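So you can see what is in the structure, the chains are spelled out below.
Number of protein chains: 2
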Amino acid sequence: MSLLVVGSVAYDSVQTPHDHRKDALGGSATFFSIAAALFHKPSLVAVVGEDFAERDVHALEHAGVDLSGLERAEGRTFRWGGRYSVDMNHRDTLFTELNVFESFKPQLNDAHRDASLVFLANIQPGLQLSVLEQVGCPRFVAADTMNLWIAGARDELLEVLSRVDAIFLNDSEALELTGCRTMVAAAGELRAMGPPLVIIKRGEHGALVFNEDDIFYVPAYPLEAVIDPTGAGDTFAGGFMGYLAETRSFTPENIRRAAVVGSLMASFCVEGFSIEGLRRLTLDDVRRRYSAFLALTRIDALAL
Amino acid sequence: MSLLVVGSVAYDSVQTPHDHRKDALGGSATFFSIAAALFHKPSLVAVVGEDFAERDVHALEHAGVDLSGLERAEGRTFRWGGRYSVDMNHRDTLFTELNVFESFKPQLNDAHRDASLVFLANIQPGLQLSVLEQVGCPRFVAADTMNLWIAGARDELLEVLSRVDAIFLNDSEALELTGCRTMVAAAGELRAMGPPLVIIKRGEHGALVFNEDDIFYVPAYPLEAVIDPTGAGDTFAGGFMGYLAETRSFTPENIRRAAVVGSLMASFCVEGFSIEGLRRLTLDDVRRRYSAFLALTRIDALAL
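Sequences listed follow chains A and B, in order. Quick note on the numbering used here: the first sequence kicks off at 1301 and runs consecutively. Quick note on the numbering used here: the second sequence kicks off at 1301 and runs consecutively.
Rather than coming from a laboratory, the hints here were simulated on the basis of the structure. Bear in mind the structure is a predicted one, so any value in this text is a computation, not a measurement. Each residue gets a CB set at the ideal place from its N, CA and C atoms; glycine is no exception. Check each hint, because a few of them may be wrong.
Unchecked claim - Each computed SDA-like pair below joins lysine to any residue, with the alpha-carbon atoms no more than 25 Å apart: (1) Lys1322/A - Arg1481/B; (2) Lys1341/A - Lys1322/B; (3) Lys1341/A - Arg1355/B; (4) Lys1322/A - His1390/A; (5) Lys1322/B - Ala1353/B; (6) Lys1341/B - Ala1601/A.
To be verified - Simulated coverage check for chain A against chain B, where a stretch passes if three residues somewhere in it have a Cβ under 8 Å from a Cβ of chain B: (7) 1511-1517; (8) 1522-1528; (9) 1540-1552; (10) 1576-1590.
Unchecked claim - Chain A stretches covered by chain B per the calculated footprint, using a threshold of three residues with CB under 8 Å from any CB of chain B: (11) 1386-1395; (12) 1480-1486.
Chain A on its own, in the form it takes in the complex:
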């Protein structure tokens, strides 16, 4: 099944309490597509500037990403800078330079319009809608969003929600968007807004998957050290969607497997800056960590 992602390709400048990187390859579509490509070749629709380095084009191509939808525009590539707190659970955005992203109008070619699975990464909901207008009849559409759009583009976001099969969002965003106080209540509200599948991301605490009547508690793999959390959520979505595209099954059992794959891909992501934790991964690495997830959460029947 063909997989399409529309989102950002960026240069990130990240400071953690221990180290930093300047102008490292980042962006939602980058993390998503590199994670997805381990399972199924994704097509990326995004824009970069004249300064986008050939080595980064090669990194994406080498990972197996179709770049026929990567537009190069006059100007500089989108840049984001952030700083993480000591516990890595909080970050401050230091700067956002939209640059070429400011006038980005996603244009899908004929192949992209026929995509079976579509991921609308975290971009302005109006742009997400313009992509939905262009795709034909996808089997499965998922969207990500963020607090900026919940506050500033609520009507368009609600329109997106009414037209997708799945929504990815953070726990605090789920509460903010719905006005609810628990994840269970928020997921119920979100499903009433449209998507039958709601995936609430909780950082180092994993994720909760609400799939119609099925609730699945996705653990996060406990790591000895976290280097850089940037891109973990997009990587989760990339592993999830890439696995679904490859296995072509949307049963509750396979949705659960896809969510575990998403979580473990995110655990690899945060073990390095930028795409360093993802770029040399093999399917065998995934299989090994999947086994570790099985062991981590195995519950025996009650002996009582």
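We have chain A already, so just place chain B on it with the hints.
Only chain B this time, still in chain A's reference frame:
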């Protein structure tokens, strides 16, 4: 196997964003022993004042708690007051009146000295040590602690750690006590301080159990509404220890079951103020929610 808990019996005044209770039955030993008693009769060692109501004595007796170690002293019962934030994940202590607890010196009778399982609830580490001096040769000793003692009684706390089989503490306390930045690293440090079993509680995110080389990710049951989180940690420990006392098995598999029982007892606890969520529970309620935990975390083998 006989089970002993030493801790506080208190009157709690709790404000949540939606409701409040004044002078409701609380305290670490109360929550612990009512949760444990569903599985195995615990003996409680604590002190209350002259104002301790007969109905609260009856509530503990009715739950199946042995009160032969409940001392009644001149003065008022220990009181605590707290207020929860809107998301219920943060609380401020409004007041602490030690009252009769100020001069509490736990005195164990002969039966209590022979206990097989001992839980040292969150009290001053010096008092925890005095209890350890009095017990004979217990099979399994667990302790709880808090940030107050990490900062103010570190040497005694380290002495406690060197003498127990298991430590329960919150995630932030684990990081504070060890100076580590991840739970995996903190658990390694804590195990090096003594206890082979480290249980890191994470509130609505469940718990992590580090049992020698076994790591177990314990989910928290996702609830539609949380009424009052007070006592959830002590209830977790009570379910855990009560289950172990009844099943008499300390294998890694049974430690995992005990942790799930602890987590699900905590989920019942937070569904009501004070002990309201616990007092009418049956083993069948536990069995049903245990099945729900199994369904919640079930991961199928990877199809790839």
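Comparing the hints with the structure gives:
1. Lys1322/A - Arg1481/B: Roughly 24 Å between the alpha carbons, so the hint for Lys1322/A and Arg1481/B holds.
2. Lys1341/A - Lys1322/B: violated, 61 Å
3. Lys1341/A - Arg1355/B: Violated, at about 67 Å.
4. Lys1322/A - His1390/A: holds, 19 Å
5. Lys1322/B - Ala1353/B: Holds - the C-alpha atoms of Ala1353/B and Lys1322/B are around 14 Å apart, at most 25 Å.
6. Lys1341/B - Ala1601/A: holds, 23 Å
7. 1511-1517: Coverage by chain B holds for the segment 1511-1517 of chain A (3 residues, Cβ < 8 Å).
8. 1522-1528: With 5 residues close enough to chain B, the hint holds.
9. 1540-1552: This one holds; 4 residues, not fewer than the three required, reach chain B with a Cβ under 8 Å.
10. 1576-1590: n = 4 at 8 Å, threshold three: holds.
11. 1386-1395: holds (count 3)
12. 1480-1486: holds (count 5)
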